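Reminder that position 11 of the sequence shown reads as 10 in numbering that gives the first Met the number 0, one-by-one numbering, no gaps.
Because the hints were derived from the structure by calculation, they are not lab data.
Source: prediction; values computed, not measured.
Treat the hints with care, since some could be wrong.
[To be verified] Label pairs and their in silico Cβ distance ranges: (1) 59 / 140: 16 to 26 Å; (2) 128 / 56: 27 to 37 Å; (3) 98 / 144: 13 to 23 Å; (4) 75 / 96: 34 to 44 Å; (5) 77 / 106: 38 to 48 Å; (6) 120 / 56: 46 to 56 Å; (7) 49 / 154: 14 to 24 Å; (8) 59 / 35: 26 to 36 Å.
[To be verified] Here are the simulated lysine-lysine pairs, DSS-like style, with alpha carbons at most 27 Å apart: (9) 77 / 128; (10) 77 / 37; (11) 77 / 157; (12) 75 / 128.
Glycine included, every Cβ here is placed at the ideal spot set by N, Cα and C.
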Amino acid sequence: MKTIFTTLAMLFALVSGNVWADRGDQYVLGKLGVMSVKTDNADALGSIGVLYGYGLTPEITVESELNLGWFGGEYKQKSAHGNYRIWTVAGYGVYRKLIGDATYLKGKLGVLYENVTRTVVENEDQVSKGFGLAGGIGAGTRIADALTFEAEITGIDKDIVFFSLGLHYAFK
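Kindly produce the complete structure, drawing on both the sequences and the hints.
Next comes the structure, spelled out in structure tokens:
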């Protein structure tokens with residue numbers, strides 16, 4: 000199922016890019032962030048991500064997103080210690096509300112595939128993976144003609160929250 004979801008997201012990005020490039024309705028976002036894991040008293044997990052957006056209207060977009068949480072995430076318990084590694088692939092419907100000429104608020108809701116690996120030093124790795132609903136809120140502001148700065152909070156599941164900062168590049 001993961002392969003099918005990833006393949007469809009990539010095909011969508013490739014096909015829609017050719018159709019909408021002349022209108023400036025597509026963008027790429029590079030993001031850095033921190034994933035907060037609320038179990039096992041885990042440290043923050045540093046993450047890097049990339050997002051492709053496709054504008055249906057000026058307010059409504061579809062986004063596909065990949066995030067890799069690979070830096071940090073250590074935990075200690077009485078019986079075990081180790082670290083977390085998390086990667087996600089998601090597709091979101093996004094609504095943006097303009098506030099002024101260059102600033103917006105955003106809300107998103109979509110389907111997310113997550114793979115959470117908990118490395119246990121004394122035992123084998125424990126892997127949890129699957130699909131679920133995810134959503135988030137954020138705000139952004141245009142800093143140049145084709146560049147936008149964005150801050151966002153995304154609920155990945157009941158135990159993982161992703162805080163991120165990113166730069167959009169809009170194709171014109």
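Against the structure, the hints:
As the Cβ distance of residue 59 to residue 140 is approximately 19 Å, the hint placing it in 16 to 26 Å holds. Taking the beta carbon of each, residue 128 and residue 56 are about 34 Å apart, inside 27 to 37 Å as hinted. Separated by about 19 Å at the C-beta atoms, residue 98 and residue 144 satisfy the suggested range of 13 to 23 Å. A hinted range of 34 to 44 Å holds for the C-beta pair residue 75 and residue 96, which are about 43 Å apart.
Judged by the Cβ atoms, the range 38 to 48 Å given for residue 77 and residue 106 holds: they are separated by roughly 41 Å. Checking the proposed 46 to 56 Å range against residue 120 and residue 56 shows it holds: the Cβ atoms sit about 51 Å from each other. For the pair residue 49 and residue 154, the supplied restraint of 14 to 24 Å holds, since their beta-carbon distance comes to about 20 Å. Restraint check, residue 59 to residue 35: a C-beta distance of roughly 29 Å satisfies the suggested window 26 to 36 Å.
This hinted pair checks out: residue 77 and residue 128 have alpha carbons roughly 25 Å apart, not beyond 27 Å. For the proposed pair residue 77 and residue 37, the alpha carbon gap of about 17 Å is at most 27 Å, so the pair holds. Distance check on the hinted pair: residue 77 and residue 157 sit about 24 Å apart at the alpha-carbon level, within 27 Å; holds. With a C-alpha separation of about 22 Å, the suggested pair residue 75 and residue 128 falls inside the 27 Å cut-off, and the hint holds.
In terms of the numbered hints stated before, the structure departs from none.
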